[in-house]
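Those sequence lines, one after another, are chains P and S. Residue numbers for the first sequence, in our numbering: 605 to 969. Residue numbers for the second sequence, in our numbering: 420 to 695.
It should be emphasised that the hints constitute simulated quantities derived from the structure, not laboratory data. Backbone N, C-alpha and C fix where the C-beta goes; we use that ideal spot for every residue, glycine too. Hints should not be assumed to be uniformly reliable.
Facing chain S, a subset of chain P residues (Cβ under 10 Å, in silico) [unchecked claim]: (1) 669; (2) 693; (3) 696; (4) 896.
Example chain S residues on the side facing chain P (calculated, C-beta under 7 Å, incomplete) [said to hold, decoys possible]: (5) 464; (6) 469; (7) 472; (8) 582; (9) 584; (10) 587; (11) 589; (12) 590; (13) 591; (14) 603; (15) 607.
Negatives, chain P to chain S, calculated, CB over 10 Å [claimed, not checked]: (16) 646; (17) 699; (18) 707; (19) 900; (20) 913.
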Amino acid sequence: MITAENAAHFPRVSKSPEPPDVRLQGVTKRFEDVLAVDELTLEIPRGSFFALLGPSGCGKTTTLRMIGGFEDPSEGRILLGDHDVTGLPSYKRDVNTVFQSYALFPHLDVFENVAFGLKRRKVAKAEIAKRAREMLAIVGLEGMDRRKPRQLSGGQQQRVALARALVNHPRVLLLDEPLGALDLKLRKQMQLELKRIQHEVGITFVHVTHDQEEAMTMADSIAVMSRGRIEQLGGPTELYERPRTAFVAGFLGVSNLLGGTVTTSGAVRVDGTGEIRVDAPLPPAGTRVQVGVRPEKLRLDDSAANSVSGTVVERAYIGVATQYVVDTPAGRLTVFVQSSGTAAEGDAVRVSWDPESTFVLEEAS
Amino acid sequence: MTLGPGARWLLRVATALTLTFVYVPLVIIALYAFNESRIQAWPIEGLTLEWFGRALDNPGARDALWLSLRAALGATALALVLGTLASLAVARYRFFGRETISFLVILPIALPGIVTGMALNATFNTTGISLGLLTIVVGHATFCIVVVYNNAVARLRRTSQHLEEASADLGADAWQTFRHITFPQLRSALLAGALLAFALSFDEVIVTTFTAGPDQTLPIWILSNLSRPNQLPVVNVVAVVLILLSTIPVYVATRLSRDTGAVSPTAGAAQAAGAR
Ligand SMILES: Nc1ncnc2c1ncn2[C@@H]1O[C@H](COP(=O)(O)OP(=O)(O)OP(=O)(O)O)[C@@H](O)[C@H]1O
Ligand SMILES: [Mg+2]
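When you get a sec, could you build the whole thing from the sequences and use the hints?
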């Protein structure tokens, strides 16, 4: 869809880190007695697809609205590039937003919606028409110029909202659960499409979602938020394989957590069984920790370095895998096995896993 | 709910009685306006358009019509500006005392006209403002603002604030956002409010008697000429004009707000002020 001609408008931004497109420095937001965002400090590198992920009410929308200029932070500073925009009204900020409700202007047609931002910036008429058409082509809405928003399907409205924001070539595009109103199939399709479009235009995307799968599919880096704070920030693989807190481990899928104590020999003595080896930095000996393993990293045999014995208490076929629940002295473990497996309920089994698949959480005291 | 045949029959009769009760007198007045005879008595002997010509030639009636039109237009214009601004403040901004302001704006429609009139009259007298068109406009604006405000607030509550945020997000300042986004959303609600305000002002009597001074608006002219048997046919004609000029806007306004869902507050307000 991108042609040599329109590519000129979207010079590929090299993913060099300097300067970050968005910087939040100690940003706090209070609504009367609610602390919505709590001293958030964050840098979003140029050209990245950044996701803010967290459960309902954790402050994602509030954070996004402060970057967009719809709420003023109670404390802290917001920078876009090298430009301090704290307190600047939204129409003076070089960011555009895709609202969850789309907020398309109902009395304007698709073309006029997309042209709205360019008109406000007094771009020449011919140029407006050219850029709006190009943008509509990129989002796959050629020939729909004269439709009113109410004559479009949810997915099409979503694309118009995207085109209306992107046509202005903002420094940053903010998306607040842009796919929330779409059905599952369309959502999956739009996830890939959004990723493609971001790749094409090279603009920094800040994407708010409470869907961990969506964040993992689309984002280069993810900030997991909880109660107004960032719990952990990193790439999808890192967050999944090396979560640092029980909250992150639990939010990004199923995990098995075992309590234990760090030993002097650099291993962890798991309560109720023996020592296991961990391929990650450990806190000092004697510290209480939790070690975790994802269910699909567990095997129902004795082939890996760490192992415990237990009894199968449940077996269920879940489509892509078979799920076993195994009772061990260390606690109950959930195991996903690709092949259907031979163990049955009541069988004694050994469960094993690699040290590299083990992550360590410091136990909250 | 289902009704038995008896209850349904009763309802039909009640409805018919109510409508007869309300509309027969109006029809009779209208018929008298075409009555050949100067004396109001049944049956009407013949029909004529003579009284319409006489009414047109009557300087008192003409002046009254002209004053009423100017007063209604003035009050409507004032109400449009102030009512729209108040509705934007209440529906779009959070500030201390917002609910109180909203209540105070609506209150004049419920206050007895005679109290509003008295109070305004006292104010104009003590401040030395001479009574005339201007004071009528101010007096009428007190209740005209309410209908504009109610229509506009109802519409603003139904349109997403996100539209205005999206507009600002795309680089429009406050004025551009109002002009390109908020106003187009409000337009038909404001038109409905304006039509109702016009109708309310056009047939208002009580507040006007306190604020008009020696000038006569159309309803007041009718009131002061009713007792003159000579003038009666002309009064009937003027009454017909008054009925038309105040019901047509109300009809159009109801049609407009039916499309836009703002019916109940305005209909309630119109009744409270005795528009019909
Ligand atoms: N305008 C407001 N006035 C008062 N409290 C607010 C306001 N906006 C947000 N909050 C509160 O701030 C907290 C964070 O809200 P926010 O909308 O940022 O959450 P979120 O992470 O976007 O949640 P969701 O996934 O449900 O959209 C919540 O407790 C919410 O109740
Ligand atoms: Mg939200």
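Worksheet item: Against the structure shown, which of the earlier numbered hints fail to hold, in ascending order?
Response: 4, 5, 6, 7, 15, 17, 18
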